[in-house]
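Peer 1: Residue numbers (this note's numbering), protein chains in the order written: chain A, 549 to 832; chain B, 1466 to 2247; chain C, 1039 to 1184.
Hints in this document: simulated from the structure, not taken from any laboratory. Note that the structure is a prediction, hence the values are computed from the model and not measured. Some hints here could point you the wrong way.
Claimed, not checked - Derived SDA-like pairs (lysine to any residue); straight-line CA-CA distance at most 20 Å: (1) C:Lys1171 <-> A:Gln801; (2) C:Lys1089 <-> A:Lys790; (3) B:Lys1594 <-> A:Gly710; (4) B:Lys2111 <-> B:Ala2029; (5) B:Lys1910 <-> B:Ala2171; (6) A:Lys790 <-> B:Gln1911; (7) C:Lys1171 <-> C:Thr1066; (8) C:Lys1116 <-> B:Arg1651; (9) C:Lys1182 <-> C:Gln1152; (10) A:Lys790 <-> B:His2223; (11) C:Lys1171 <-> A:Lys790; (12) B:Lys2232 <-> B:Leu1602; (13) C:Lys1089 <-> A:Pro551; (14) B:Lys1610 <-> B:Glu1598; (15) A:Lys590 <-> C:Lys1089; (16) C:Lys1089 <-> C:Arg1139; (17) B:Lys2232 <-> B:Ala2171.
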Amino acid sequence: MIPAAFDYVRASSVDDALRLLAEHGDDAKLLAGGHSLIPMMKLRLAAPAVLIDIAGIPQLDGIAASGGRVTIGALTKHAALAASDDLRKHAPALWDAANDLGDPQVRNRGTIGGASAHGDPSADYPAVLQALDATFTLAGKGGTREIRAAEFFLGMFETALGANELLTRIAFDAAPNSAYVKFHHPASHYAVVGAAVVLTLSGGTIAAARVAITGIGDAAFRAGGVESALQGVNPNDAVAVKAATAGAARGVQARADTFASASYRAAMADVFAARAVAKAASAR
Amino acid sequence: MAFTTMVGARIRRREDPRLITGRATYVDDVRQVGTVYAAFVRSPYGHAKITSIDTAQAKSDPHVLAVYTGEDLHHAHNLKASLPVAHKMPDLKTPPHYVLALDEARVVGEAVAIVVADSPYTARDAAEKVVVEYEQLPAVVDIEKAAAGPPYVHESLGTNVAFTMPFSAGDPDKAFAEADVTIKQRIVNQRVAPVPIEPRSMVASYDAGMQQLTLYSATQIPHLLRTQLAIALGLPENKIRVIAPEVGGGFGAKLNVYAEEVVVSWVAMQLERPVKYIETRSECFQAMIHGRDQIDDLEVAAKNDGTITALRLKITANMGAYHQLLTPVIPTLTMLMAHGCYKFENIAAEVVGVFTNTMSTDAYRGAGRPEATFFIERAIDMVAQRLKLDPVDVRRKNFIASSAFPHTTATGLTYDSGDYETTMDKALAIIDYAGLRKQQEELRKQGRYLGIGISTYVEVCGMGPSAAMPAAGWDSATIRVEPTGSITVLTGVSPHGQGQETTFAQIVADELGVPIDHVSVIHGDTDKVQYGVGTFGSRGTAVGGAALKLAIDTIQAKAVKIAAHQWEANPDDVEYRDGKMQVKGDPSKSMTTAEAGFLAFMGDKLPPGLEPGLDATRRFEPPNFVFPFGTHICVVEVDAQSGEVKFVKYLAVDDCGRLINPMIAEGQIHGGIAQGLSQALFEEVVYDGNGQLLTGTLMDYAIPHAEQVPHYELDHTVTPTTVNPLGIKGIGEAGTIGSTPAVANAVIDALAPFGVVHIDMPLKPEKLWAAMQAVPSNGSVR
Amino acid sequence: MTIDDAFDVDAPLERVWPLLKDVPRVATCIPNAEITEMVDERTYRAKVAVKIGPVSVSYRATIVVESFDDATHVATLKVKGDELRGRGGVSATIVSTATARDGKTHVALHADAQISGIVATVGGRLIEGVAQKTIAAFAANLAKLV
């Protein structure tokens, strides 16, 4: 668990980080909380020549909820999300994920931006942020651009974040009827399957739903078929919800590992999507 | 017996303040001037010929002091050491096990070369510059394929079978012929990794002037390690000092002599510099011994009333690529304990040890006994299921009666004492077994699957009588009453979490009448402590504590003579009472052990012929093993949608004889249960067909977090033993042994409506989910 | 492990097949691969890096042409790679079968690969995905080359 040699520089601002990225190019990696990158470096599977530490950049940290919109700085730590009453009220799905993620060390160091930019196919946030239909703000040399979560997560460890860009902010509309439930891998505690659901309820039935699943394929995905099947369903009708969530991972090539086969993973997508629907409906 | 204040008290561990405040010294905390650092180059292949090793680039690195290969050690430096295996098997095949691979590597992670540099970082960098050319050879991982062979792990043996040991008692064939039912089941006891928090760690230094080698190592057996180092390095044993400082978990995996310990010591002698090596977690997964890995094929004969009459058993045990210290011995313990706590007379068994291209198996908490308990406790449940009897009744029917002790089993062990029915009844009452069964039935109607698992275990520990051990089984203790009255205990056992700094002090405090703070317990340093065998096999207190009791007796006898002389009394009339000496029936005069110790130091008021000083060294040779037992009951609910297992309750009623410190005993049980249930549900070392380790990190290999284990409800009964003067049995491994079958029986009981008879561990959700795809017999909806 | 994949190239078989036999040119289609030496007609040395997110593992590889069957359009290559840090390797037999399909060329890949060392131990869950991505990129590059 001894990494190869590397240089370390601290970025003082977003512009400084972008300048350093441009200067060091491909050899550099951004370091936020470090809880995804550093384990890879310790195994020497990653050996960046330079680490650009962005953890100290001011104004990228914090949760703001106003006017039905929630905005989160990219350097906000999991622990801060997990402790946020605003989040618990306005986006319980994200609050669930932050509370159910990693261990205290990871939650106290890791950040929402770092975890998202890492693009791990078994991470929790990619599902939650897609279900929340979040918007990501990316800073680059020529200014900033915005991109929706569904277009951000492209594949295994692959995101739309450019080589010379920095993720600065994540924003979404409040979703009080939302939930995230997760099947923990017993060792890594990453999601074997994780399901995030955002519901719009109307008169006891589901008017609209957004459902996203992580852990199954190369990247988290929106389960469009389930979303439309849930329309008009009473979320407390377990049989109807089960029918609507069936085939949640249809069309997605599920992965296998020593813990779970591809077919089991796919079957669990249905089960956990149904659980997330029930939980989202009862969230207040 | 002395008046008791400390023994039996739940006092806090005296070890803990330094441990929990970061003031303890582990091997990696040992700082010596001029220390250099080792990194090992390890084989990435399960089986490969080493065609060339190019060390030039690594040697030219300015940070590097030395690089050695197997070839260097064997030819240039004449170190032909093969690692030891302790056994008493006449026909055991013992292929050479060199400390660095020579010509061929037979397991992923086998050390091929050592690089020594000026920092751990430069050492790791330089290790990558050693270019090893391998030619892959066919690997064999599956035990049964290996037994049938080829390919062979050791071509020169012409077989992969290390040994075959048959055993028979009674008339099993007749019993099977007369049986009402027979049940045949293959039970796989999967390979697990010990994963102590502290991996293997060592620092060796050599004082060339004194010709003295000192090795700090995270070991459970400092003296045995010293002896083996003397043999391996060709040094006089009195020129070697081994120190086990704080050891961060052993679980049997540090009851060994590892190649790295020999190589690092040897390199320190070459360089005359302290050489430190702390293995990485990845290396620990590859190159620290693994546990279990047996296929147990069993066949049980029973009568319709549940009486078990005979057992046929074939144990096929994976040795790994080489023998480590006790590798072949472990499965023989399984065979010896095949009876569990049941009294059947007829048994036919065979143990086969097989080499494969995997890491060596060896002692891991329970070491051979968990495997036996697992299959016999599963067998009892299978008999009950087949005959539609309550598993409690089948146990009751077959228990060795409490009146039948000492009881000699068909496999030849003499169980010292036991009362299996009492612990079971106590457990059943506490958990309201009848109520649970009713609840189970109710929930099944709702499509919810509760499972109740019972394990009534007995295990063999307090290792052990020297005649029955692969090497010495005794242990030692020295007590010194210092001139100012403090008492120093030097114990030959080497505690690393078992709490003997506390429990031994409790015993001494009571028996010699001193405040516990005046007692210091020293261990783990071969230059300080007289030879001792070490800590393993739940022997620390049962053997080391017994030696301590003998030393106390000697101290007391001498102190009594000193006191009697002052009072001009007959020593026979002086006794220890409430921790002080007094003339029998006359409390007006008394003397403390400290006072006697001071007189013994001054030397001028001693009875004629009595030597000055008040100290004693004694050794205890156990006349028998001890056999702790108990009942564990586990209640789980299995989610029919996902196969996830949720703990509902966990109760353990254990009996380890007299308790010195119930809190420490409970701590041992807690940890033991955690490791045992973890084997049942989570853990499994997986190699692929080429001998590649697929579970080599904590991302893949599951060690339970706090949230993954249940709340433990504990109770106990007390059935003392006469094997040792303290009346105690070991408790270090009981939790591991008792818990695994309790959890497995619970999970499988939950799945009974689906016609499930047995599922192999680990009981992963997917396996349970797949089994639950059947239509349940009670017709309820899932 | 075995990997099966297939892709179509928008060019006739007569143009694709000669290309598939041209190892140095085909190699340029593999992301992060480079032929460093032609040992003989059938043997090449190469440097290959496998990159995924922050992970980067580099190999020095030997590629041996087992056979090019002009009648059936089956190419069989043997690849043996050693990780540059000495922590394992890859050995694989790759069989590519090219068939004409409506004026285009369908290429089916079948690989028998043995992965050893660090990647086998810690990268198990990634291997399949990486293989698929690599093949997809290869197909795209090959199409461009045609």
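Peer 1: Run every hint past the structure and note whether it holds.
Peer 2: Verification of the hints:
1. C:Lys1171 <-> A:Gln801: 13 Å, holds
2. C:Lys1089 <-> A:Lys790: 40 Å, violated
3. B:Lys1594 <-> A:Gly710: 34 Å, violated
4. B:Lys2111 <-> B:Ala2029: 65 Å, violated
5. B:Lys1910 <-> B:Ala2171: 32 Å, violated
6. A:Lys790 <-> B:Gln1911: Roughly 17 Å separates the two Cα atoms, so the pair holds.
7. C:Lys1171 <-> C:Thr1066: Measuring from Cα to Cα gives roughly 16 Å; hence the hint holds.
8. C:Lys1116 <-> B:Arg1651: Violated. Lys1116 (chain C) to Arg1651 (chain B) sits at ~41 Å, over the 20 Å cutoff.
9. C:Lys1182 <-> C:Gln1152: 30 Å, violated
10. A:Lys790 <-> B:His2223: 30 Å, violated
11. C:Lys1171 <-> A:Lys790: The given pair, whose Cα atoms are some 34 Å apart, is violated under the 20 Å limit.
12. B:Lys2232 <-> B:Leu1602: 34 Å, violated
13. C:Lys1089 <-> A:Pro551: 18 Å, holds
14. B:Lys1610 <-> B:Glu1598: Answer violated: Lys1610 (chain B) to Glu1598 (chain B) is near 28 Å, above 20 Å.
15. A:Lys590 <-> C:Lys1089: 17 Å, holds
16. C:Lys1089 <-> C:Arg1139: 33 Å, violated
17. B:Lys2232 <-> B:Ala2171: 24 Å, violated
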